[in-house]
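Asker: Construct all of the structure, not just a fragment, from the sequences and the given hints.
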Amino acid sequence: LAKTTQPISMDSYEGQEVNITCSHNNIATNDYITWYQQFPSQGPRFIIQGYKTKVTNEVASLFIPADRKSSTLSLPRVSLSDTAVYYCLGGSGEGSSASKIIFGSGTRLSIRP
Amino acid sequence: DAGITQSPRHKVTETGTPVTLRCHQTENHRYMYWYRQDPGHGLRLIHYSYGVKDTDKGEVSDGYSVSRSKTEDFLLTLESATSSQTSVYFCAISELLLETQYFGPGTRLLVL
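Top to bottom, those sequences are chains Y and D.
Take the first sequence: its letter number 48 is residue 48 in the numbering used here, and every next letter is one higher.
Just add 1000 to the spot in the second sequence (first one is 1) and you have the numbering used here.
It should be emphasised that the hints constitute simulated quantities derived from the structure, not laboratory data.
Some clues are possibly wrong.
[Unchecked claim] Residues from chain D shown here face chain Y by an in silico Cβ test under 10 Å; the list is partial:
id	residue
1	GLN1037
2	LEU1045
3	GLY1058
4	GLU1059
[Stated by the list, open to error] Residues on chain Y that point at chain D, a partial pick, calculated with CB under 8 Å:
id	residue
5	PRO40
6	GLN42
7	LYS100
8	ILE101
9	SER105
These numbers were taken from a predicted model, which means no experiment stands behind them.
Beta carbons are placed, not taken as given, at the ideal position from N, Cα and C, and that holds for glycine.
Answerer: Right under this line is the structure:
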């Protein structure tokens, strides 16, 4: 059974680098790994997506090891506005297309001054 | 922001009554999704659609049905609402499966 697992919560301070790791134990070999950010009373918002090794955009980096059983979202120099819930999206390489759409339970990131 | 609206935004209903939630997009994306979000469970897929009249079940589809008669509209129906269906419901769209999903603002449903 495919599971997408991530820590429930994390705390950090402004200016620090934050790394959130997600495990996706049965992801298909050719599926993307995607991370989303969600603020209270809003829908999730896309942050970054990758297939392998490292991807970087203007807000984050995504590290994916060769076995692709995990991924790490890296937020450089966080600020108070990065306080949010972060979700990884993976899924299973087996079964229907719907089995590819398995979100983790979310990591609540709290940033302190 | 992607053009996605959900209606209603809030609804209170009683157990046993039918409820229909609407998702409307202006982006002409092929894929549309319905999720529910509950504390401790994150986002769970209810149903999704890959085209007009083409739908498939997700992880938590029991008690829900969907319809998509036009590209821009995806309806979620609770045939007979139960208290366990109290949740926040999100609609999302994407060009292709597993490509970037754009989420609507959500519908908060309370079943008494």
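Asker: So, LEU1045 of chain D near chain Y? Judge it on the closest CB pair being under 10 Å.
Answerer: LEU1045 of chain D check passes; min Cβ-Cβ to chain Y is 5 Å, inside 10 Å.
Asker: Mind checking the CB of GLY1058 of chain D against every CB in chain Y and telling me if the closest is under 10 Å?
Answerer: holds, 5 Å
Asker: Measuring from the C-beta of GLN42 of chain Y to each C-beta in chain D, is the shortest one below 8 Å?
Answerer: For GLN42 of chain Y, the interface hint holds, since the closest Cβ of chain D sits about 7 Å away, which is under 8 Å.
Asker: Hold the hint about LYS100 of chain Y up to the distance rule: shortest CB distance to chain D must be less than 8 Å.
Answerer: holds, 6 Å
Asker: Under 10 Å, Cβ to Cβ, is where GLU1059 of chain D needs to be relative to chain Y, so tell me if that hint holds or is violated.
Answerer: holds, 7 Å
Asker: Does ILE101 of chain Y hold up as a contact with chain D if the rule is Cβ-Cβ below 8 Å?
Answerer: holds, 5 Å
Asker: Given GLN1037 of chain D was flagged as interface, is its beta-carbon under 10 Å from a beta-carbon of chain Y?
Answerer: holds, 9 Å
Asker: Restraint: SER105 of chain Y near chain D, CB-CB cut 8 Å. Satisfied or not?
Answerer: holds, 4 Å
Asker: Would the hint on PRO40 of chain Y be counted as holding, given a Cβ-Cβ threshold of 8 Å to chain D?
Answerer: Hint violated; PRO40 of chain Y Cβ to chain D Cβ min 11 Å, cut 8 Å.
Checked against the numbered hints above, the structure violates only hint 5.
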